[in-house]
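Starting from the given sequences, assemble the full structure and let the hints guide the process.
Protein chains in written order, with our numbering: chain A, 1 to 116; chain B, 1 to 109.
If you are wondering where the hints come from, they were derived from the structure by calculation, not from laboratory data. Ideal placement from N, C-alpha and C gives every residue a C-beta, glycine not left out. Incorrect hints may appear among the rest.
[Stated by the list, open to error] 20 Å max Cα-Cα, derived SDA-like pairs, lysine to any residue:
{"hint": "1", "chain 1": "B", "residue 1": "Lys-5", "chain 2": "A", "residue 2": "Asn-59"}
{"hint": "2", "chain 1": "B", "residue 1": "Lys-37", "chain 2": "A", "residue 2": "Gly-40"}
{"hint": "3", "chain 1": "B", "residue 1": "Lys-5", "chain 2": "A", "residue 2": "Phe-45"}
{"hint": "4", "chain 1": "B", "residue 1": "Lys-5", "chain 2": "A", "residue 2": "Arg-30"}
{"hint": "5", "chain 1": "B", "residue 1": "Lys-37", "chain 2": "B", "residue 2": "Ile-108"}
{"hint": "6", "chain 1": "A", "residue 1": "Lys-57", "chain 2": "B", "residue 2": "Phe-30"}
{"hint": "7", "chain 1": "B", "residue 1": "Lys-37", "chain 2": "A", "residue 2": "Pro-39"}
{"hint": "8", "chain 1": "A", "residue 1": "Lys-57", "chain 2": "B", "residue 2": "Asn-57"}
{"hint": "9", "chain 1": "B", "residue 1": "Lys-37", "chain 2": "A", "residue 2": "Glu-104"}
{"hint": "10", "chain 1": "B", "residue 1": "Lys-68", "chain 2": "B", "residue 2": "Asp-24"}
{"hint": "11", "chain 1": "A", "residue 1": "Lys-57", "chain 2": "A", "residue 2": "Arg-30"}
{"hint": "12", "chain 1": "B", "residue 1": "Lys-37", "chain 2": "A", "residue 2": "Pro-109"}
[What the hints assert, rightly or not] Over 12 Å on every C-beta distance to chain B, these chain A residues come out as not near it, computed from the model:
{"hint": "13", "residue": "Val-4"}
{"hint": "14", "residue": "Lys-13"}
{"hint": "15", "residue": "Thr-14"}
{"hint": "16", "residue": "Gly-16"}
{"hint": "17", "residue": "Thr-20"}
{"hint": "18", "residue": "Ser-22"}
{"hint": "19", "residue": "Arg-30"}
{"hint": "20", "residue": "Tyr-35"}
{"hint": "21", "residue": "Thr-38"}
{"hint": "22", "residue": "Gly-62"}
{"hint": "23", "residue": "Ser-65"}
{"hint": "24", "residue": "Glu-75"}
{"hint": "25", "residue": "Ser-79"}
{"hint": "26", "residue": "Leu-83"}
{"hint": "27", "residue": "Cys-91"}
{"hint": "28", "residue": "Leu-116"}
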Amino acid sequence: KAGVTQTPRYLIKTRGQQVTLSCSPISGHRSVSWYQQTPGQGLQFLFEYFSETQRNKGNFPGRFSGRQFSNSRSEMNVSTLELGDSALYLCASSLDGRAGAYNEQFFGPGTRLTVL
Amino acid sequence: DQQVKQNSPSLSVQEGRISILNCDYTNSMFDYFLWYKKYPAEGPTFLISISSIKDKNEDGRFTVFLNKSAKHLSLHIVPSQPGDSAVYFCAAPYNQFYFGTGTSLTVIP
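Listed below in structure tokens is the structure:
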């Protein structure tokens, strides 16, 4: 069974630009969550999508948005990039990701975004 | 608001000795915890979990202890091996997954 895939793996952008990251979950998984990892901050939850609907959202500004398609693939968009957006962006999929559900999340390798 | 905290950003241990990684949480509603391990250039992978109905869960060289009254959990690795060198995150699922900031473990051969 293929794991979670993320594209691109590396990205360099300049301030003010926008970027779109893509995540393909494990086949059969319907929940996709996105995280930002920066040194000293651990994994910060961005949002979770389930059946094409955003079900949970973390404390990030509106410049960060996402969507999920009918095949459960998800995209994350960041508009008006800032230097502080440089980070590793991870997506994770799980079977249903119900709030409080105890299934694991399976992570992709991440997209390393550098904003110059 | 960091609801799951790992106060030690790094830890170095000699091969064969015990590694103890600590995690504290603030939300008393958390009742399930997971540890993830992350190598550079890879996503985190699930390592071990514990439910609040237990105070200990063991899987091979890895044991997780939970002290609910102290809102504290720890991961013990015995014996530590160089391949255990990675960043370890504790996490608690509650509406969303809350992750700690991670502890970078280095096992010295």
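**Report entry** Given pair status - Glu-104 (chain A), Lys-37 (chain B), alpha carbons within 20 Å
**Finding:** holds (13 Å)
**Report entry** Pairwise hint evaluation, Gly-40 (chain A) against Lys-37 (chain B), where the allowed Cα distance is 20 Å at most
**Finding:** Holds, at roughly 16 Å.
Query - Status of Glu-75 (chain A), Cβ more than 12 Å from any chain B Cβ - result: holds (17 Å)
Query raised in the report: Going by Cβ atoms, does Gly-16 (chain A) stay more than 12 Å from chain B at every point?
Result: Given that every Cβ of chain B is farther than 12 Å from that of Gly-16 (chain A), nearest at about 28 Å, it holds.
Query raised in the report: Is the straight-line distance between the alpha-carbon of Lys-37 (chain B) and that of Ile-108 (chain B) 20 Å or less?
Result: holds (18 Å)
Query raised in the report: Are Lys-5 (chain B) and Asn-59 (chain A) close enough, with their CA atoms no more than 20 Å apart?
Result: Holds, at roughly 17 Å.
Requested in this report: Given the hint that Lys-57 (chain A) pairs with Arg-30 (chain A), test it: the Cα-Cα distance must not exceed 20 Å.
Outcome: holds (17 Å)
Query raised in the report: Is the Cβ of Tyr-35 (chain A) farther than 12 Å from every Cβ of chain B?
Result: Violated, because the least Cβ-Cβ distance between Tyr-35 (chain A) and chain B comes to about 7 Å, which does not exceed 12 Å.
Requested in this report: Assess, step by step, whether the Cα of Lys-57 (chain A) is no farther than 20 Å from the Cα of Asn-57 (chain B), and give holds or violated.
Outcome: Violated, at roughly 31 Å.
Query raised in the report: Minimum Cβ separation between Leu-116 (chain A) and chain B greater than 12 Å?
Result: Its Cβ never comes within 12 Å of chain B, the nearest being 21 Å, so this holds.
**Report entry** Assertion that Ser-79 (chain A) lies outside the chain B interface [Cβ separation over 12 Å]
**Finding:** holds (23 Å)
Query raised in the report: Between Lys-5 (chain B) and Phe-45 (chain A), does the CA-CA distance stay at or below 20 Å?
Result: The given pair, whose Cα atoms are some 15 Å apart, holds under the 20 Å limit.
The structure fails to meet hints 4, 8, 13, 20, 21, 27 from the earlier list, while all remaining hints are met.
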